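Asker: Here is what each chain is made of, one letter per residue.
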Amino acid sequence: MQKLLYGAAYYDEYMPYDRLEQDIQMMKKARINTVRIAESTWSSYEPKEGVFDFSHVERVLNAMEQAGIGVIIGTPTYAIPPWMAKAHPEILAVTAKGRNLYGPRQNMDITHPAYRFYAERIIRKLLEKTAHRKCVIGFQLDNETKYYDTAGKNVQEKFVKYLRLKFHDDLDALNREFGLDYWSNAVHAWEDFPDVRGTVNGSLGAEFEKFRRTLVEEFLAWQAGIVKEYCREGQFITHNFDFEWRGYSYGLQPDVNQYQSARHLTVAGADIYHPSQSRLTGLEIALGGDIARSLKGGNYLVMETQAQGYPDWTPYKGQLRLQAFSHIASGAGSVLYWHWHSLHNAVETYWKGLLSHDFEENETYLEACQVGREFEKLGGHLINLEKKNDAAILLSHEALTALKWFGIKASAAGHGDLEYNDVVRFVYQTLFHMNVECDILWPESENIESYKAVIVPALYAVPDSLLERLCQYVENGGRLFVTFKSAFANENVKVSHKIQPHILTKCLGVKYNQFAFPDKVRLSGSVLENAADSDLDSAQSAKDFMELLTLQGAQPLAVYEHSNWKGYAAITRNDYGKGSAYYMGCMADEAVLRNVFTRLFKEAGIFLPPEYEAGVAVKNGVNQEARNVHFYLNYSDKECHVPYIYKPGADLLTREAYGNGARMRLSPWGVRIVEES
Amino acid sequence: MQKLLYGAAYYDEYMPYDRLEQDIQMMKKARINTVRIAESTWSSYEPKEGVFDFSHVERVLNAMEQAGIGVIIGTPTYAIPPWMAKAHPEILAVTAKGRNLYGPRQNMDITHPAYRFYAERIIRKLLEKTAHRKCVIGFQLDNETKYYDTAGKNVQEKFVKYLRLKFHDDLDALNREFGLDYWSNAVHAWEDFPDVRGTVNGSLGAEFEKFRRTLVEEFLAWQAGIVKEYCREGQFITHNFDFEWRGYSYGLQPDVNQYQSARHLTVAGADIYHPSQSRLTGLEIALGGDIARSLKGGNYLVMETQAQGYPDWTPYKGQLRLQAFSHIASGAGSVLYWHWHSLHNAVETYWKGLLSHDFEENETYLEACQVGREFEKLGGHLINLEKKNDAAILLSHEALTALKWFGIKASAAGHGDLEYNDVVRFVYQTLFHMNVECDILWPESENIESYKAVIVPALYAVPDSLLERLCQYVENGGRLFVTFKSAFANENVKVSHKIQPHILTKCLGVKYNQFAFPDKVRLSGSVLENAADSDLDSAQSAKDFMELLTLQGAQPLAVYEHSNWKGYAAITRNDYGKGSAYYMGCMADEAVLRNVFTRLFKEAGIFLPPEYEAGVAVKNGVNQEARNVHFYLNYSDKECHVPYIYKPGADLLTREAYGNGARMRLSPWGVRIVEES
Amino acid sequence: MQKLLYGAAYYDEYMPYDRLEQDIQMMKKARINTVRIAESTWSSYEPKEGVFDFSHVERVLNAMEQAGIGVIIGTPTYAIPPWMAKAHPEILAVTAKGRNLYGPRQNMDITHPAYRFYAERIIRKLLEKTAHRKCVIGFQLDNETKYYDTAGKNVQEKFVKYLRLKFHDDLDALNREFGLDYWSNAVHAWEDFPDVRGTVNGSLGAEFEKFRRTLVEEFLAWQAGIVKEYCREGQFITHNFDFEWRGYSYGLQPDVNQYQSARHLTVAGADIYHPSQSRLTGLEIALGGDIARSLKGGNYLVMETQAQGYPDWTPYKGQLRLQAFSHIASGAGSVLYWHWHSLHNAVETYWKGLLSHDFEENETYLEACQVGREFEKLGGHLINLEKKNDAAILLSHEALTALKWFGIKASAAGHGDLEYNDVVRFVYQTLFHMNVECDILWPESENIESYKAVIVPALYAVPDSLLERLCQYVENGGRLFVTFKSAFANENVKVSHKIQPHILTKCLGVKYNQFAFPDKVRLSGSVLENAADSDLDSAQSAKDFMELLTLQGAQPLAVYEHSNWKGYAAITRNDYGKGSAYYMGCMADEAVLRNVFTRLFKEAGIFLPPEYEAGVAVKNGVNQEARNVHFYLNYSDKECHVPYIYKPGADLLTREAYGNGARMRLSPWGVRIVEES
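Protein chains in written order, with the working numbering: chain V, 1 to 677; chain Y, 1 to 677; chain W, 1 to 677.
Check each hint, because a few of them may be wrong.
Only some residues are given here: those of chain W computed to face chain Y with a beta carbon under 10 angstroms [to be verified]:
#	residue
1	V94
2	A96
3	L204
4	A224
5	D519
Quick list of in silico lysine-lysine cross-link-like pairs, DSBU-like style, CA-CA up to 30 angstroms [claimed, not checked]:
#	chain 1	residue 1	chain 2	residue 2
6	W	K86	V	K161
7	W	K97	Y	K97
8	V	K48	Y	K317
9	W	K97	Y	K86
10	Y	K317	W	K134
Covered stretches of chain W, going by a simulated chain V footprint (3 or more residues, C-beta under 8 angstroms) [to be verified]:
#	stretch
11	243-255
12	297-311
None of these hints come from the bench; they were simulated from the model.
As the structure is a computational prediction, the values presented were derived from the model and not from experiment.
Using N, Cα and C, we set each Cβ at its ideal position, and we do this for glycine too.
Produce the entire structure from the sequences given, and follow the hints as far as they go.
Answerer: This is the structure:
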């Protein structure tokens, strides 16, 4: 990137009256240099089948080009026009709930040839009109693509072919590997393969989800292929990836293998939404950013984030600015709001933009103007920021999916409520509060060995090869941290019939074959020190799930205190080869994990910053002038004071100088960015 | 009406043995003068297609006529016989959940011609047998008619024709007004109109609900037309309207525009069910009564109310009587119980009648006898009571429906739980506790200007013309009270792109373009005085939703106390023309609203009665002898003492005289009715 | 039985590798003498239609025979192979939710002739291979058979024929008895009979459930007929009945009339699952055991119970053993775990067996070895134990079903949450805590009169004949205890139109026709003494539901204390003939019921053991050597000391002698079994 991209999604199509001129004036005032257009409004561009009308697109391009504002063209394929559903109802996906009705977006079968036919045509027509334009800086393929639970006959036929390939046409192998003999589900002729929507077999069910993640990748690759035909040098191709949604961006997106899919892009992009007001913590911005950055191992684009959004998101003074610099501090090359103006109709009327429904300047817009000015001023120091992290977290879709089938807290009474992403957030949040930044790894990653410490939450379903590799990593001097529910099953969700945690037993030096839900089980041991002074009951207890570990060479860092479970270890450390490996056999309080991490990082030689006041996060990077940049982000409504611990530098915004050990004041929801001299 | 109607629904069809004689004897003892029959038992009258058997009806008519008991004939069209569903499964409505199964009542498509054919025939056959009978005093059309979510192809075709008419065949106008361009939903050929059951567009969805409310009106008008052919002078035509159901009559019925529908009746009717025992407050009787009375601007019939009902409704001693006079005090001309006896089978076995399953005299029946005697004695003083209220609440189906699509507490995480009727009950309950009686207005009402004060809760979706009219009302000297979430969108649920609260800004003197959910936001200002002495946290806080008001001439009555929202007003008052207008930008405690209302009513010159003991309600009316009548209703299990503040009069029941200022004793759940001399 | 059967379900089909030899060695170590095989794996035995492969079965039989381990053959019909669903999708049951998908077990229409054709063939093929084998000791028909909500057209046609038979083709009689005239549901031609899945008529709905229970019985009888053809002398035929499932075996199974169905078996069998760890109370083992034992009035087989199961079930030390002897103490002839090993795939991966996934010896397996040794040692003293109980509880499917339609706590707002089995458990748990053992009776039981006391919980729907019989029982000297919600409706769920509790009024000496939900209603009276010293509010209050009883000769044991309900009785006792009858008109605390039961049992001459420490249960039986055996079971983690109150005897395990009055020490979760000398 040449500069920080700053802007918003812009929909001329939705405007109640022609206000393009006024909007551009207001954008210029806010130093907006980028808009994203076109990804949502196919029915406006192809009002009838084969009839095209790009007048909205062209007038926006003309105006933006004149104003010097860059444009990202989104292909409008994630929401189909009514005429298509009417003529081809078979395009609407069949899911576990039956055939979709027309109405919502993302209701189609993304594999359907008729859909593909129309999608390709509108993409080509749109790109013919736009790709060559000077103002067009890049392209977004589709939007938040997922597989939308598509499970119709055609998809299932494709799945069976996929299985035949995977198992080399050997049904017995499939029956055995998936355990289909259970409850008489074994299939002995391919033509007898049942509707997989009804399956209760976790291996088969998880495989179907994995298969459908490949459909998403194939779809994005297909679109990328088309777009590349129109792309000129310097124009980027990205996608707007999203995350597991729990009213905000919660964790790893279950339905897309973003790591594989990102190979077809020139730059990764994502939308990140997060709690706000008194619940703004920076966690989601950091986690989403770390995932997005790690997809292609470099900067990424924030394609969407909230301006005002819903009433519980209306930002407090300072928060919009804090959020913007938070994204940059994670390595983002853009902050693009969703969206410019608030809608006067339709389902997202209250997902408010920079402008409220009245288009007047408001508190949020005015703060966006400040952000724009500062981006313009500091952009050269912050663009193409390089992040150099020593720690990494290994995430896995296979584990996530498998734990949807086999809940960590599942009992005979039901599925329980502790999911994979909860464990991920538990380890991530602890790092975040320790101000230890990290990258994200995937099972496919080639650079696992490059990290001083690797953190592995709940890697439930995993191929032996990866487990061997992790052991090798430790043997070679790496530092590994693994939580409960790891290594239990292979990538086909077949539980190992050997020792647990299976191959990791080697490097972890523990084993178990029983587990329980803790009921008043206290922890004791060295890592409990200082772990809790206020809420003893909670902080010093095992939580949610506990494995009954017996030592095979490891030293116990914590053991269970309970009349029946006494004698089993809870948290352990093991020397293995040149490295060491930690295991956490139960869920526990963050304070406990922090103590474990402290030991781990000291061993790994990872720098541990001091404990700042609550809410203060520090992020670091190296800018394109090879200077270290330190972001101080105050996620609290209190004024904070923190020591500056790096080499002398100056605040990029105020030019105040900071020597090592200097005391820095952070205003509520405040930001300081210090560049080393 | 000639007299207070007192009675019950009577079902000879359901009797386990012939006990008509005994029932009539028990009715006579209870001074019952009216029964309602026939509305539920089509399959008894037309056991096979085209075969009719009115023997139950005729024997009841004969017996009632002889006993001097009036009969209301209900047309039996709300529950179809099995043979009809078997021969014409297409009559069973297709809803969002698919085709209905036979079994429940109200499962049919009320627009279906085949259903209409059979319905008309059974109505005519029934009326031929009954309408001319001396004892027949009136007719009830169908029962609790709604549209039952009918959404089949035929209904949707009708809807598209309705849209073509509404938008003069201009699809672009429709797309623009409803914002269908959003997410590519714009329709560019009428034949492409998608199944509206899938829509996520709030404007289209709300319009479909509005359209289906017209189906209900058309259905009732059609039945009224048939019934009128048989009606003689003096026989009334009514309907049994009901309310939003939350286990009892909660608020405005979403699915029927009762105001429009009531135009086809000669007298309004409704059923009112309410919590009982320690939860009997009188609120539902008052609210339901005020709505029913305002439908045609006069007396109304209570077609159904509970005798015993479910175990949580079995009345305490005195409650049945208190309830009966509560209805009368609201302007009812009847109290008809549902129902005479308790059923020995079927779904409503525990919706017990005056008689339990054993047909013996019981506590409830015995109290009904007392009520009957008192009705007979006092009827002449209470019949055709005229209510003269200075305050009115404006209710709107468009607002209700729109807030179902756009919840007041909706966030990115979900819809929230504060609904239109909750806000309605909030303002109504405050009035009720202040003993200020009110009428109900609708957007279509012609008499808005006749009230000293008009109260407008959450009028979210509203045509400009009504907003202009409200401003004019204030300008001419009216007193207006408006809550948050008013004037935001037009009648098509299109949000204004101008200032908010849109046109009302003129008379309210405030504006806003941001809002939030309060999180520890305290209120301060003059209206907070005495608003809370016990529960400070709750009573002095903004609740649920808050608009960030800036003053445009108004004076603040309350402002927000919060680090970030400081400086915005919460509750305001504005002089406008000869009148004044109050705005409440957030939800708050009832005590706060009471203080606002106190100011409003003082300005409006509305009489404010003293604050009585908790649970005491006073209602007033003018009887047909032009005398003021005052009802003192004690909704509590405590003996209360209240001052009599009106002109001297006498208790109609005990003949005790009360001078102005006299102290009146009310026994637990007791009633006194004082007629001025 | 010759010996206590001890073992597990064994699935060679699911093994990840051939380990039959190792498993048998481990079984022998655990003294396992029985395995159950084959009931779940049809698709392994008939991989393609008409192609059979019993190699797994035969190799297991060979190995077991050689090892001297008995085998129970289960017919594999409760889970159909994929090819069957593919070729005959019509076999998949149509339920209220539509046609089942393939995937789960128990998804078929058990009445379907095509299913029956294939089922009979696989049964015969399997039995041909196995029945003659020496090691085969018996057969299990199908598994946990129910009707799986089958409600397709064929089933409904059968139901109509059943109704024609029941009502002698008289539709008027049916309409009258079921009250179908309500809401116009009366059927006047058999061909018009509507889809019963839509009915809201409780009588019709309950009859459909009753009809479908007969389908289960007919199915089991049909299988029994086939199996008998292959059965040799000494081989038993059983079934694995189960219970209402609430995450564990909660109460009477609603969908099967086990009493009728058991007539087709030679011995009753059941699976019993229960909470464990700190929630192990013995209640479910006792209740399930008492039901199973009473089915055929003798010993029964525990076909399945948990070894480890889910993490909340992993047994504490001692619990597996305590559980095993608990089953025996209730009269079980076997303890068979589900299952031997833990599965490496599929839905029940976490329903762990004796062995964990790693097949290693673990704590649970080691304790099972102890149990096996003790069973072997004591078997001769414990086999064919005879239970001689003086009290019995009468259970009724008709009552259970009817109270699903008419919830005890149903109100106009919803169904409420107090179900039949909750009341059953309330009375059962009180007995259990009093250490008074009981048998179970059904309406069809012939031995009602043989008990000193009969306890009747919530017998809501019941034929007059049974009520007359209960009165006669009391008249002849019996002692009867009846709860609220009894006798209210007949067996067709038609409420009596006479006095309540209908015919029981005679012997109970009370009547009522009104009821309420208690809201701060205290109880007072003699049975409240000592009923509560700690939690006064709860323990001395009426709960959930209260009938307003007036005395017709009975004496009040408790009355309601409440401003409005004062004067009504709550709990009563009545002399009737030579016996007496107690009535409990409301739900109350267990302490209250205990006081009532104490009086009842004293009158009945039933021995009341002393009140032991909390958690201690004592069960008794007479062994085949005609000696009394007393089981002391400590369901607590505390060491307890209890007096030994029986004739002198010795601990069968330790040979310690106990004289009358001796003090016995029970270790946590400990067991002692004393055989009288």
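Asker: Are three or more residues of the stretch 243-255 of chain W within 8 angstroms, CB to CB, of chain V?
Answerer: holds (count 3)
Asker: Given the hint that V/K48 pairs with Y/K317, test it: the Cα-Cα distance must not exceed 30 angstroms.
Answerer: Violated, at roughly 70 angstroms.
Asker: Within a Cα-Cα threshold of 30 angstroms, do Y/K317 and W/K134 meet the stated pairing?
Answerer: It is violated: about 76 angstroms lies between the C-alpha atoms, which goes past 30 angstroms.
Asker: Is the shortest C-beta separation between W/L204 and chain Y less than 10 angstroms?
Answerer: 9 angstroms, holds
Asker: Within the assertion that chain V covers the stretch 297-311 of chain W, do at least three residues meet a Cβ-to-Cβ distance smaller than 8 angstroms?
Answerer: holds (count 4)
Asker: Verify the proposed pairing of W/K97 with Y/K97, using a straight-line Cα cut of 30 angstroms.
Answerer: Answer holds: W/K97 to Y/K97 is near 11 angstroms, not above 30 angstroms.
Asker: CA of W/K97 to CA of Y/K86, is that 30 angstroms or under?
Answerer: 20 angstroms, holds
Asker: Are W/D519 and chain Y close enough, Cβ to Cβ, to be under 10 angstroms, as the hint says?
Answerer: Check passed: Cβ of W/D519 comes within 6 angstroms of chain Y, closer than 10 angstroms.
Asker: CA of W/K86 to CA of V/K161, is that 30 angstroms or under?
Answerer: Holds - the C-alpha atoms of V/K161 and W/K86 are around 18 angstroms apart, at most 30 angstroms.
Asker: Can you verify the interface hint for W/A96: is its Cβ closer than 10 angstroms to any Cβ in chain Y?
Answerer: 9 angstroms, holds
Asker: Taking the least C-beta to C-beta distance, is W/A224 closer than 10 angstroms to chain Y?
Answerer: At 36 angstroms from the nearest chain Y Cβ, W/A224 fails the 10 angstroms test, so the hint is violated.
Asker: Against chain Y, is W/V94 within 10 angstroms by beta-carbon distance?
Answerer: W/V94 check fails; min Cβ-Cβ to chain Y is 13 angstroms, beyond 10 angstroms.
Violated hints, listed in ascending order, are 1, 4, 8, 10; each of the other numbered hints is respected by the structure.
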